[in-house]
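Trainee: Letter by letter, the chains look like this.
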Amino acid sequence: MDFKKQKSIYQQIADMLCERIVEGEWKDDDRIASVRDVAVQLGVNPNTVVRSFDHLQQAGIIYNKRGVGYFVAPDAKDLIIALQRKEFLEQELPDFRQRLSMLGLSFDDLKQYF
Amino acid sequence: MIDIRNFSFAYKTTRVFDNINLQLQKGSIYGLLGENGVGKTTLLKVISGLLRPSAGSCKVDEFISFDRQPEFLQNIFLLPDEVPLPDSATPENFFADLAPFYPKQDAELLRHLTQELKVDSSRKFKEMSFGQQKKSLLACALALNTDYLLLDEPTNGLDIPSKADFRRILTERVGTDQTIVISTHQVKDVENLIDPIIIISNNSVLLDASVEKITDKLFFEYGALQRPDALYSEMMPGGYLNVLVNNGMGESQLNIEALFNAVLRNSAMIKNIFE
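These protein sequences, in sequence, are chains A and B. Using this note's numbering, the first residue of the first sequence is number 128, and each one after it goes up by one. Using this note's numbering, the first residue of the second sequence is number 368, and each one after it goes up by one.
Since the hints were made in silico from the structure, they are not lab data. Check the hints yourself; a few may be wrong.
Below 30 angstroms or equal to it, Euclidean Cα-Cα: the simulated BS3-like pairs (lysine-lysine) are [as the list claims (entries may be wrong)]:
id, chain 1, residue 1, chain 2, residue 2
1, A, Lys132, B, Lys580
2, B, Lys412, A, Lys134
3, A, Lys132, B, Lys530
4, A, Lys131, B, Lys580
5, A, Lys134, B, Lys584
6, A, Lys132, B, Lys426
7, A, Lys192, B, Lys555
8, B, Lys555, A, Lys134
9, A, Lys213, B, Lys555
10, A, Lys131, B, Lys584
11, B, Lys584, A, Lys132
Working from the sequences, and respecting the hints, build out all of it.
Mentor: Structure representation (structure tokens):
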């Protein structure tokens with residue numbers, strides 16, 4: 128069965144930080160905003176933001192310098208794109224295909240739009 | 368740590384709590400949720416030493432709350448929903464009256480907070496709107512800089528921008544050695560701010576869990592259909608919000624109102640799921 132959901136807040140925050148890296152606001156080895164800054168800007172619990180940062184660190188997208196802050200890993204952009212591609216193929220595409228079949232559209236019907 | 372064990376409380380003929388256990392760790396903003404009249408305020412008063420447990424114990428670090436030792440009292444502050452204030456009181460002199468009892472108080476912080484919250488700390492409370500009074504008192508409470516801060520219905524009467532200010536100020540101020548407990552029945556105001564979440568009802572604790580644990584155990588689905596197996600369903604403009612038992616469906620975004628309703632309606636089942 129297919130369950131529609133909104134991503135948890137920690138995932139949404141992680142996505143937002145990734146977006147800022149992909150858009151080039153933070154470049155390789157740049158220091159990103161602090162946990163506290165992000166928490167205050169969004170009015171969310173700092174522990175939630177810590178989880179987002181941990182998640183990105185485990186994915187190798189950011190790294191931590193103790194007492195200094197978090198920095199963009201040199202290959203962060205490629206990692207993010209790879210993760211987003213996987214997410215698209217595994218999650219968004221099946222939804223999209225289901226929608227097509229519900230609307231009675233085939234893949235060929237779409238070709239003219241590309 | 369706040370450590371409540373085998374705790375019961377009754378006013379003359381009314382039983383409020385029946386043998387509850389709660390441990391609140393440092394460095395967190397706890398949300399204490401419950402319908403009106405379930406005993407949220409009573410619990411805060413017990414923690415701060417204003418009321419004596421009918422049975423069991425309430426300790427804060429090494430101190431028994433009701434012993435009310437100075438070393439304990441100087442490090443905890445309870446901001447009630449309504450504070451009786453003399454006609455001449457201003458945030459400045461209210462704070463100055465309290466400050467000598469709280470060694471870590473920070474007058475500079477009060478100036479910063481009143482500025483951030485856009486209130487005039489030299490103005491009389493009685494000349495302020497209810498929301499301004501509430502914000503001024505919150506600034507005073509935060510500036511006393513105690514390790515334990517108990518806020519009873521702090522968003523009551525705040526307008527929408529002030530509610531956002533409130534969340535911002537709290538996230539900015541909470542330190543790793545601080546414990547903040549926010550009691551409220553207006554659960555939407557503190558969504559994403561509180562973690563862990565405690566829900567009380569019917570003399571007992573129905574839920575005491577971190578957001579991570581809640582979204583691990585429960586799944587919040589936004590779909591076209593109402594699910595028959597949902598713990599709670601609610602019709603929304605786009606379809607239904609269903610609260611389901613999470614059987615490996617991944618993490619979803621917690622909806623605090625739906626959680627609250629799901630917990631109140633299925634208290635026995637929730638207890639099993641979270642054990």
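Trainee: Please verify whether Lys131 (chain A) and Lys580 (chain B) have alpha carbons no more than 30 angstroms apart.
Mentor: holds, 20 angstroms
Trainee: Take a quick look at whether Lys555 (chain B) and Lys134 (chain A) sit within 30 angstroms of each other, Cα to Cα.
Mentor: Distance of about 18 angstroms is within 30 angstroms: holds.
Trainee: Given the hinted pair Lys213 (chain A) and Lys555 (chain B), is their alpha-carbon gap at most 30 angstroms?
Mentor: violated, 34 angstroms
Trainee: Does Lys192 (chain A) pair with Lys555 (chain B) here, judged by a C-alpha cut-off of 30 angstroms?
Mentor: At roughly 36 angstroms apart (the allowed maximum being 30 angstroms), Lys555 (chain B) and Lys192 (chain A) break the hint.
Trainee: Quickly compare the C-alpha distance for Lys132 (chain A) and Lys580 (chain B) to 30 angstroms and report which way the hint goes.
Mentor: Holds. Lys132 (chain A) to Lys580 (chain B) sits at ~17 angstroms (cutoff 30 angstroms).
Trainee: Given the hint that Lys132 (chain A) pairs with Lys530 (chain B), does the C-alpha gap stay at or below 30 angstroms?
Mentor: Holds: Lys132 (chain A) and Lys530 (chain B) sit about 26 angstroms apart, inside 30 angstroms.
Trainee: Below or equal to 30 angstroms on CA atoms is what counts here, so check Lys131 (chain A) against Lys584 (chain B).
Mentor: holds, 17 angstroms
Trainee: Verify the proposed pairing of Lys584 (chain B) with Lys132 (chain A), using a straight-line Cα cut of 30 angstroms.
Mentor: Distance of about 15 angstroms is within 30 angstroms: holds.
Trainee: Is the hinted pair Lys412 (chain B) and Lys134 (chain A) satisfied, with a Cα-Cα distance of at most 30 angstroms?
Mentor: Violated, at roughly 37 angstroms.
Trainee: For a C-alpha distance cap of 30 angstroms, please report whether Lys132 (chain A) and Lys426 (chain B) respect it.
Mentor: Distance of about 41 angstroms is beyond 30 angstroms: violated.
Trainee: Would you mind confirming whether the straight-line C-alpha gap from Lys134 (chain A) to Lys584 (chain B) stays at or under 30 angstroms?
Mentor: holds, 15 angstroms
Consistency note: the structure conflicts with the earlier hints numbered 2, 6, 7, 9.
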